[in-house]
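Residue numbers (the numbering used here), protein chains in the order written: chain A, 1 to 327; chain B, 1001 to 1547.
Calculated directly from the structure, the hints in this document are not laboratory data.
All clues stand as given, with none of them false.
The calculated label-pair distances, taken between Cβ atoms and stated as ranges, are:
| id | chain 1 | residue 1 | chain 2 | residue 2 | range |
| --- | --- | --- | --- | --- | --- |
| 1 | A | PRO114 | B | ASN1278 | 36 to 42 Å |
| 2 | A | THR133 | B | GLU1547 | 43 to 49 Å |
| 3 | B | LYS1150 | A | ASP58 | 42 to 48 Å |
| 4 | B | ASP1463 | A | VAL307 | 54 to 60 Å |
Restricting the straight-line Cα-Cα distance to at most 20 Å, the calculated cross-link-like pairs of lysine to any residue (SDA-like) are:
| id | chain 1 | residue 1 | chain 2 | residue 2 |
| --- | --- | --- | --- | --- |
| 5 | B | LYS1485 | A | SER43 |
| 6 | B | LYS1315 | B | HIS1362 |
| 7 | B | LYS1221 | A | PHE174 |
Computed from a predicted model, the values in this text were never measured in an experiment.
Quick reminder that beta carbons are idealized off the backbone N, C-alpha and C, glycines included.
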Amino acid sequence: MLAFAIRRLFEAVLVMLAVALISFALFRFVGDPINQIVGQDTSIADRERLREALGLNDSVLVQFVRFVWNALHFNFGVSYQFKQPVIDLMLERLPATLELSFMAAVFAIAVGLPMGVYTGIHRDSWISKVFLTVSLIGISLPTFLIGILLIYVFAVQLGLLSSFGRGETVQLGFWRTGLLTASGLKAIILPAITLGLFQMTLVTRLVRSEMLEVMRTDFIKFARARGLPDRAINFGHALKNTLVPVITIIGLQIGAIVAFSIITETVFQWPGMGLLFIQSVTFADVPVMAAYLCLIALFFVFINLVVDLLYYAVDPRLRLDRTAAAH
Amino acid sequence: MKLRHDAPALPFAAGPNKDTDMFRSLLLAGSVALMLTASPASAVTFKYAFQGDLKSLDPYTLNESFTQGALGNVYEGLTKRDKDLKIIPGLAEKWEVVDPLKWRFHLRKGVKFADGTPFTADDVLFSLERVRSEGSDFKTRVPADMVGQKVDDHTVEFILKTPNPILHAEWDTWYMLSKSWAEKNNSVAVQAATMQQQSFIARNANGTGAFVIESHEPGVKTVFKKNPNWWNKPEHNLDEVIFTTIKSDATRVAALLSGEVDWIEPVPVQDAQRISSNPATKLLTGAEARTIFLNMDQKRDELLYSNVKGKNPFKDVRVRKALYQAIDIEAIKAKVMRGTSVPSALLIAPSLFSRGGEFKRHPYDVEASKKLLAEAGYPNGFEVALDCPNDRYVNDEAICQAVAAMLARINVKINLRAVPKAQFFARALAAGGYDTSFSLLGWTPGSLDSWNVLLNLAGCRDDKGIGGPFNFGGYCNPKVDALAKQILVETDIKKRDELIFQAFTILHEEVSHLPLHQQSLSWGISSKVSVVQRADNQFLFYWARKE
Chain A
1 MLAFAIRRLF EAVLVMLAVA LISFALFRFV GDPINQIVGQ DTSIADRERL REALGLNDSV
61 LVQFVRFVWN ALHFNFGVSY QFKQPVIDLM LERLPATLEL SFMAAVFAIA VGLPMGVYTG
121 IHRDSWISKV FLTVSLIGIS LPTFLIGILL IYVFAVQLGL LSSFGRGETV QLGFWRTGLL
181 TASGLKAIIL PAITLGLFQM TLVTRLVRSE MLEVMRTDFI KFARARGLPD RAINFGHALK
241 NTLVPVITII GLQIGAIVAF SIITETVFQW PGMGLLFIQS VTFADVPVMA AYLCLIALFF
301 VFINLVVDLL YYAVDPRLRL DRTAAAH
Chain B
1001 MKLRHDAPAL PFAAGPNKDT DMFRSLLLAG SVALMLTASP ASAVTFKYAF QGDLKSLDPY
1061 TLNESFTQGA LGNVYEGLTK RDKDLKIIPG LAEKWEVVDP LKWRFHLRKG VKFADGTPFT
1121 ADDVLFSLER VRSEGSDFKT RVPADMVGQK VDDHTVEFIL KTPNPILHAE WDTWYMLSKS
1181 WAEKNNSVAV QAATMQQQSF IARNANGTGA FVIESHEPGV KTVFKKNPNW WNKPEHNLDE
1241 VIFTTIKSDA TRVAALLSGE VDWIEPVPVQ DAQRISSNPA TKLLTGAEAR TIFLNMDQKR
1301 DELLYSNVKG KNPFKDVRVR KALYQAIDIE AIKAKVMRGT SVPSALLIAP SLFSRGGEFK
1361 RHPYDVEASK KLLAEAGYPN GFEVALDCPN DRYVNDEAIC QAVAAMLARI NVKINLRAVP
1421 KAQFFARALA AGGYDTSFSL LGWTPGSLDS WNVLLNLAGC RDDKGIGGPF NFGGYCNPKV
1481 DALAKQILVE TDIKKRDELI FQAFTILHEE VSHLPLHQQS LSWGISSKVS VVQRADNQFL
1541 FYWARKE
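For reference, chain A alone in the conformation it holds in the complex (with noise of 0.2 Å):
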């Protein structure tokens, strides 16, 4: 276990330097940034100053050394466009892409689920369809889409919720919560639900099929013949059977949900992490950009590794296999 552990994170250090390598070797390519930094008036003795001072005329490779260097030490750098410390930034920002992401995953489950078993069980109902219909909407719009939509039906035709941003924000310690104010809560119902909507597609779908296949076998019919109520063997026996293919999907859907923020805070303004990267792709931002890829690439190896090493836990079979492997 611990051999294993350990080759594990050794892995994922060469996958972050490879991220980091790769991302900085692109950064060459997003432009300029001291014009952005200073005004038109300033000259270019006082550009060239800048330049220099900030590193920029050293060499990708010594620039990237530079980095890795300063990541060891927690050093993200400052953000050329807010003049402020990275990871000040990122913790700033981290709270509301973490809410938005939870309440996504939150909605997905919550509402995919319950769509999943009843269109399993009655598969030929008119409901089933149109549920299926819905869900073939979420799996193929694009994301962008749908949050106009839903902000034009919703902010500006009817009026009821809003169209951009957190709403009134609580610090609580270095985390600003949206979740404890009303205009926070509404303010969250369309992101939640535009970054949430192709995941609880893919949870319906998933329970769906799943459901199907149990309630084809045997046990299934058993109970039947016991004379147990329906709801006991559909939820009790058939939806409890489908769920560990699910919860596995679920898992690590919440990376892709965290990464894939970045669409949906920018349609929403929501002053999330993903909103930040791409301001800092127009404005040449290169450490926050970098920061930004370095923690989304943590992020996938971290769920990675609690997802293979949940496994080596859960499934038996992988532990005898090394057991005899070593004998």
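Position chain B relative to chain A; hints supplied.
Chain B in isolation, oriented as in the chain A frame:
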């Protein structure tokens, strides 16, 4: 607003389902809570949204019009500019030019910073030192060799080495800081990208202006509160102003249409109609002081990115004029800018130069243009690449496409390279070696004065850009440079205007650039508010009113 919040329950009321009931009561609870927390009816809150961020609050960090405008509600300069951009007294009650090398400013008495300390001559001298210290983006606000002297607590003299008639032209955005506050809060150094720590002044403000800043989350939200102790009589009736960034065009428009914000900028051209036809919103347009023009490389001996080898067609004034006359500026105005631009014959807006109206564009004439090209030795035209930003100016890429189509008619084939501004400027500016043959640029002189244009856009420059940093085409005429030198020190306004007129005449005759138009400002506002739109596109809400 309150009525609206009650409405959401209705659409969900139909189903007996437990979940929707939950949702419904949640929404109801939400709207009740909202009513309870809503501020009293008398408080007026003005909300506005811009596509970019208000980054640092340090007023010397970034010389950019939106930031200057936002901070101009909080900080003030010795001078101010009124609604028509005329220079008026600010923190200085009056000033006199004692002799061409000595200016005396009489400071307004009884002015206090937000923290209660009085504004005195020491603060002016401190601001002078700070604005030209390392990291300041406003060094050009004051001549490097100017000396400031305190006469008494409310009189300051500035001693110059050379006469400068426009010394105070940009002092409306050279904001005065409190010396004691900056020293106490470790904010003497200007917040710069090279600093490892964020200083206090980047997140907090202490000005003398109409508003104070209550909270500032960079890139997210800034809350301004009315300054009850402002020395001036407020024209506005606002108690609170909330600024938010909304980057996405569609969302920004939606926020205005749904009444969540009262002011947005910019309005995307395709949504202008929708905003003006909506009874709850209005479109406010006007000519901006920014001129859009094309640069032609006249410096290199061989044109880059072209099929002409061994020579540079743009060195020939006939070729430059041919391109000028092939551009149908009225068509660009009608089709690309939907009627909102003002075609221009000059590199400066006519409103910024008293004799600007005397210049007329070379007429649009394809036949004359073809003839000029043939005379210059290019009867079959040539090929050249046009570099263009696609996220900097109003419809910048579309303008370039239109230009390319028009030049195709005289057989000048354009390879259009439209890229984001960060990449465009990386290539086209001095640091990129002016690596462009033909490019689009927009310019607003920071001082709103012609000398800035003659220096930055038309001054003879070397390869590093010394002499004329934004002169992408490398146009050079020593006569223009000599005139610019005279203009800089000429204090007689009439003579000075005559010199400027001569310089612009040379640029016009020699077709140093291809001026296109002044782009338009386009603000979307709620019908409930009235605001002042100034041609330099600074939004100063101390002139705004809301019902």
